[in-house]
Amino acid sequence: MAISYDEVVAKYDPVLGLEVHVELNTHSKMFCSCSTTFGGEPNTQTCPVCLALPGALPVVNATAIESTIKIGLALNCSIAPYSRFARKNYFYPDMPKNFQISQYDEPICFDGFVDVEIDTDEGPRQFRIEVERVHMEEDTGKSLHVGGATGRIHGADYSLLDYNRAGIPLVEIVTKIVPGTGKYAPEVARAYVAELRDVLRGLGVSDVKMEQGSLRCDANVSLKPMGSEVLGTRSETKNVNSLRSVERAIRGEMIRHAELLDAGQKVKQETRHFQEDTGLTRSGRSKEQAEDYRYFPEPDLVPVAPDAAWIQELRAALPERPSLRRKRLKEEWNVPDKEMSAMVNADVLDIVEATVLLGSDPTKARSWWLGEISRIANDQEVAVTELSITPEDVAEIVALVNKGELTDKLARQVVEGVIAGEGSPAEVVAKRGIKVVNDDGALMAAIEKVCADQPDTAQKVRDGHIPAAGALIGAVMKETKGQADAARVRELLLGHLGQ
Amino acid sequence: MITQSAAAMSDALAKGEVTSTELTQAHLDRIGDVDSAVKAFLHVDAEGALAQAARVDADRSSGKKLHPLAGIPLALKDVLTQDGIPTTAGSKILQGWKPQYDSTVVSKIKDAGIVILGKTNMDEFAMGSSTENSAYGPTFNPWDLARTPGGSSGGSAAAVSAYEAPLAIGSDTGGSIRQPAALTGIVGVRPTYGAVSRYGLIAYSSSLDQAGPFGRTVLDTALLHDVMAGHDPKDATSINGTFPDVVAAARKCDVKGMKIGVIKQLQGEGYQSGVQARFDESLQVLASLGAQIVEVDCPSFEYALAAYYLIAPSECSSNLARFDAMRYGLRVGDSDGASAESVMNATRNAGFGHEVKRRIILGTYALSSGYYDAYYGSAQKIRTLIIQDYAKAFAQADVLVSPTAPTTAFKIGEKSDDPIAMYLGDVATIPVNLAGICGMSLPAGLADEDNLPVGFQIMAPAMEDARLYQVGSALEAALVSQWGGHLISKAPALGGSK
Chain A
1 MAISYDEVVA
11 KYDPVLGLEV
21 HVELNTHSKM
31 FCSCSTTFGG
41 EPNTQTCPVC
51 LALPGALPVV
61 NATAIESTIK
71 IGLALNCSIA
81 PYSRFARKNY
91 FYPDMPKNFQ
101 ISQYDEPICF
111 DGFVDVEIDT
121 DEGPRQFRIE
131 VERVHMEEDT
141 GKSLHVGGAT
151 GRIHGADYSL
161 LDYNRAGIPL
171 VEIVTKIVPG
181 TGKYAPEVAR
191 AYVAELRDVL
201 RGLGVSDVKM
211 EQGSLRCDAN
221 VSLKPMGSEV
231 LGTRSETKNV
241 NSLRSVERAI
251 RGEMIRHAEL
261 LDAGQKVKQE
271 TRHFQEDTGL
281 TRSGRSKEQA
291 EDYRYFPEPD
301 LVPVAPDAAW
311 IQELRAALPE
321 RPSLRRKRLK
331 EEWNVPDKEM
341 SAMVNADVLD
351 IVEATVLLGS
361 DPTKARSWWL
371 GEISRIANDQ
381 EVAVTELSIT
391 PEDVAEIVAL
401 VNKGELTDKL
411 ARQVVEGVIA
421 GEGSPAEVVA
431 KRGIKVVNDD
441 GALMAAIEKV
451 CADQPDTAQK
461 VRDGHIPAAG
471 ALIGAVMKET
481 KGQADAARVR
491 ELLLGHLGQ
Chain B
1001 MITQSAAAMS
1011 DALAKGEVTS
1021 TELTQAHLDR
1031 IGDVDSAVKA
1041 FLHVDAEGAL
1051 AQAARVDADR
1061 SSGKKLHPLA
1071 GIPLALKDVL
1081 TQDGIPTTAG
1091 SKILQGWKPQ
1101 YDSTVVSKIK
1111 DAGIVILGKT
1121 NMDEFAMGSS
1131 TENSAYGPTF
1141 NPWDLARTPG
1151 GSSGGSAAAV
1161 SAYEAPLAIG
1171 SDTGGSIRQP
1181 AALTGIVGVR
1191 PTYGAVSRYG
1201 LIAYSSSLDQ
1211 AGPFGRTVLD
1221 TALLHDVMAG
1231 HDPKDATSIN
1241 GTFPDVVAAA
1251 RKCDVKGMKI
1261 GVIKQLQGEG
1271 YQSGVQARFD
1281 ESLQVLASLG
1291 AQIVEVDCPS
1301 FEYALAAYYL
1311 IAPSECSSNL
1321 ARFDAMRYGL
1331 RVGDSDGASA
1341 ESVMNATRNA
1351 GFGHEVKRRI
1361 ILGTYALSSG
1371 YYDAYYGSAQ
1381 KIRTLIIQDY
1391 AKAFAQADVL
1401 VSPTAPTTAF
1411 KIGEKSDDPI
1421 AMYLGDVATI
1431 PVNLAGICGM
1441 SLPAGLADED
1451 NLPVGFQIMA
1461 PAMEDARLYQ
1471 VGSALEAALV
1481 SQWGGHLISK
1491 APALGGSK
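Keeping their order, the protein sequence lines are chains A and B.
Counting along the first sequence from 1, when you hit position 179 you're at 179 in the numbering used here, and nothing is skipped either side.
Counting the second sequence from 1 gives a position; the numbering used here is that position plus 1000.
Since the hints were derived computationally from the structure, they do not count as laboratory data.
There could be a bad hint or two in this list.
[As the list claims (entries may be wrong)] These stretches of chain B come out as covered by chain A in the derived footprint (C-beta under 8 Å, 3 or more residues):
#1 1235-1242
#2 1358-1368
[Unchecked claim] Have a look at the derived ranges for each label pair, beta carbon to beta carbon:
#3 A:Ser159 / B:Gly1230: 21 to 29 Å
#4 B:Arg1251 / A:Thr44: 46 to 54 Å
#5 B:Gly1032 / A:Asp105: 52 to 60 Å
#6 B:Ala1350 / A:Thr63: 40 to 48 Å
#7 A:Thr63 / B:Arg1358: 37 to 45 Å
#8 B:Ala1350 / A:Gln312: 37 to 45 Å
#9 A:Thr63 / B:Val1018: 26 to 34 Å
#10 B:Gly1230 / A:Ser283: 17 to 25 Å
#11 A:Thr63 / B:Gly1096: 36 to 44 Å
#12 A:Thr44 / B:Ala1248: 23 to 31 Å
#13 B:Pro1419 / A:Tyr82: 31 to 39 Å
#14 A:Thr44 / B:Ser1335: 44 to 52 Å
[Claimed, not checked] BS3-like, lysine-lysine: derived pairs with alpha carbons at most 27 Å apart:
#15 A:Lys142 / B:Lys1234
#16 B:Lys1092 / B:Lys1357
#17 A:Lys435 / A:Lys364
#18 A:Lys88 / B:Lys1108
#19 A:Lys142 / B:Lys1098
#20 A:Lys266 / A:Lys224
#21 A:Lys88 / B:Lys1234
#22 A:Lys183 / A:Lys142
#23 B:Lys1015 / B:Lys1108
#24 A:Lys481 / A:Lys460
#25 A:Lys478 / A:Lys364
#26 A:Lys238 / A:Lys88
#27 B:Lys1357 / A:Lys88
Keep in mind that this is a model prediction, so the values were computed, not measured.
Quick reminder that beta carbons are idealized off the backbone N, C-alpha and C, glycines included.
Produce the complete structure using the sequences and hints provided.
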């Protein structure tokens, strides 16, 4: 019953809906002063409030409100002059109060949009994703199910509960339904989540690490027959933990829905869990009977009524929108699309820009950060920004190369030294005794020695077989410990051999 | 000594006529003598009380400046957390739980040097009007041990009435301080919503709950009120403003030129004749002191009880969800292979009493999708109408008055099987909670037909708590001089040493 993706999109029109949960990077939790640091010993970041001890009361974290308003403004939303928290009631062991403080019919931000651009067969095309609401809520604790095969609650011997995450501020960003993306649905969804991630990072309100769960996407997908106005039944896929998974999950669900519909079956309205290894989804909780959360206004909290002047201040202080900034930098630096995406994906755009602002040539700055430095970061399994090398260091190295005081090869040694903690580029140059050999006499001595050592190769070059010179140049560079300028060596060598 | 007012005890302590240790021990002895009959206390912390008393005595002898209530014993309703002291809220589901933190009210009374004798009995999770809903058995009214002391703060009221403590703290969600104060012949105040922090007050209905003081005199009650009130950053609904000087008001004893509004809807039919008679006489007393009596109309009060019994159960259905056996308290059915869900079910089934279950079910239903607007939504509209009724009434009068409860103390078991009859007893107190304003009950005398205390209720606008004390102190002074002593001195002796 296999059906290809091309067949799916020829026959059906996908409709998307995306819910993104973002953990804010506030120092303290949404309703208490407990730390939000990731990875602490279980249950060490808890207090009477986030453990829901009898009598404890929530108090709203003002920074979380500010962050949420910033997100709303960055997503072109209206900000409610008055909004309330609501209780969402349901029982689950990792939710201490057995209700979640969230927002229901009065979200703090509403009616926004995000524009994304993707490459289509007809060239770049812009899609507008309408944002229905942005609201605040609190995260739950974590359950760890021990025993059993799957790590799921069914079949587990026992479960462990960690409430460190309980009460971490979450912002939920919900789109309106997204029609009209056709076969580009998976890419549009990916581009939307990527844009959100960049916007949030630019605002500095979240770590936006999908793999750590600080940005989580639930993807709603439904199909309708081409030309139909009636929406199909949707599935909601959770556990989508990377941009690539967003794309794969949507593509996979579109195919699964199409197979069911082609076979005359119904799509069940349910929660699905994305499986990273297979790229498929597994059935979760059925949502056919909508759960009744008995929402009502949270009586322990007062309404949120942000001052209009304050909102204006926040609006005025918003950073440049990431997509516009990328467009600007691409033009200023004259970078091809592919290179631009490489920088964005490697997360070095900020650092490259900082290097350029310190006087470095954009191409050189880019090639250092994207090349040698990224390679070392990969080897050490850390992010580029976690290395001890700074934009100042790289700008200094680029300047030294420009002045002819370093060759590219020597510059790599300097980069290594800086990362190894040996000091600034100037200090590394001094300590390691790195300098360019530009004394032609010394070079000629080395050339003569190399030609005497490899008479056959030297003869080939004399006979006009120029590519053979490479081996000799390499030997000369080795002889001079890499401190020679390879171009000058080549020039002298070819002259020496009558070429 | 134990029959004195807290203010008199304070003077005696200051003059060195008695030490806090002696005073505390005298109250512990009294508890030992009478509490097997009254059953006001769920837990007596003799060791902690004597330790605090000794600290205060040491501070006093070292010449440290002390709060007027330093060294005075107090009984604490078991609904407020106290670090390390068993706290049950009258429920089996919290049996054996010891809080790891002090409620803000407890921090404040500890800081003032007040001595906490122990935790008092209450209707389970403050749901009830007789203390019969306690999972640990009822409290008995010191005036007649066959009767209830009212509720839900019946333990605190009975303790003060039986001279087991000169002061007590209760909580009032629909009348749970004022009604037991009325039924035991003492003074009780529900402060303005937001005036006393709810942090550490085990929630029944968050938008209605408020802790408040009990005393045998208006001044004693004001002294305790003053300690409890104040802004608390740990409670988002706590008022951040200037709090009225209730102690100064309680010393004023002057109602000349004040306008006192009698609420038409809260008298007459349904009120016991002796209750109505004492209320009417109290009005005459106030008039004779120079107050002007006017009648005010609050037509929406007719719906107050119905609105209350939708809002309070709705909030409680959510507030009590946390009692799930996962982190503290009772755990039932935790055998091999039992799921978390089945343990939650079994625990809640075994741990909650009938009235609590009744209100959780009511509230769950009222909040359900499809019923929300008809029940919870309508109740909130009535709440708004009641607030408007009060606003109009307070435009015509400085304070409003009514009998606190329609009847005097009723017999144990009399209304246990008839929840509606029990609920009707709160008809006069509930509007205050719905509007978030303040109210006081003080003794108005004994009903002729049963010789039991009658309560006189005074209501004032939000943050005008001082008016309660000003009017209350004036009425109290006049009545006490008529009676030749406080009403409480007319209570029958309970045996043991007074």
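To see whether the hints hold, each was checked on the structure:
no., hint, verdict
1, 1235-1242, "holds (count 3)"
2, 1358-1368, "holds (count 3)"
3, A:Ser159 / B:Gly1230: 21 to 29 Å, "violated, 42 Å"
4, B:Arg1251 / A:Thr44: 46 to 54 Å, "holds, 51 Å"
5, B:Gly1032 / A:Asp105: 52 to 60 Å, "holds, 56 Å"
6, B:Ala1350 / A:Thr63: 40 to 48 Å, "holds, 43 Å"
7, A:Thr63 / B:Arg1358: 37 to 45 Å, "holds, 42 Å"
8, B:Ala1350 / A:Gln312: 37 to 45 Å, "violated, 56 Å"
9, A:Thr63 / B:Val1018: 26 to 34 Å, "violated, 52 Å"
10, B:Gly1230 / A:Ser283: 17 to 25 Å, "violated, 55 Å"
11, A:Thr63 / B:Gly1096: 36 to 44 Å, "holds, 39 Å"
12, A:Thr44 / B:Ala1248: 23 to 31 Å, "violated, 48 Å"
13, B:Pro1419 / A:Tyr82: 31 to 39 Å, "holds, 38 Å"
14, A:Thr44 / B:Ser1335: 44 to 52 Å, "violated, 30 Å"
15, A:Lys142 / B:Lys1234, "holds, 26 Å"
16, B:Lys1092 / B:Lys1357, "holds, 13 Å"
17, A:Lys435 / A:Lys364, "holds, 20 Å"
18, A:Lys88 / B:Lys1108, "violated, 33 Å"
19, A:Lys142 / B:Lys1098, "holds, 25 Å"
20, A:Lys266 / A:Lys224, "holds, 12 Å"
21, A:Lys88 / B:Lys1234, "holds, 22 Å"
22, A:Lys183 / A:Lys142, "violated, 37 Å"
23, B:Lys1015 / B:Lys1108, "holds, 24 Å"
24, A:Lys481 / A:Lys460, "holds, 25 Å"
25, A:Lys478 / A:Lys364, "holds, 25 Å"
26, A:Lys238 / A:Lys88, "holds, 19 Å"
27, B:Lys1357 / A:Lys88, "holds, 20 Å"
Of the numbered hints listed earlier, those contradicted by the structure are 3, 8, 9, 10, 12, 14, 18, 22.
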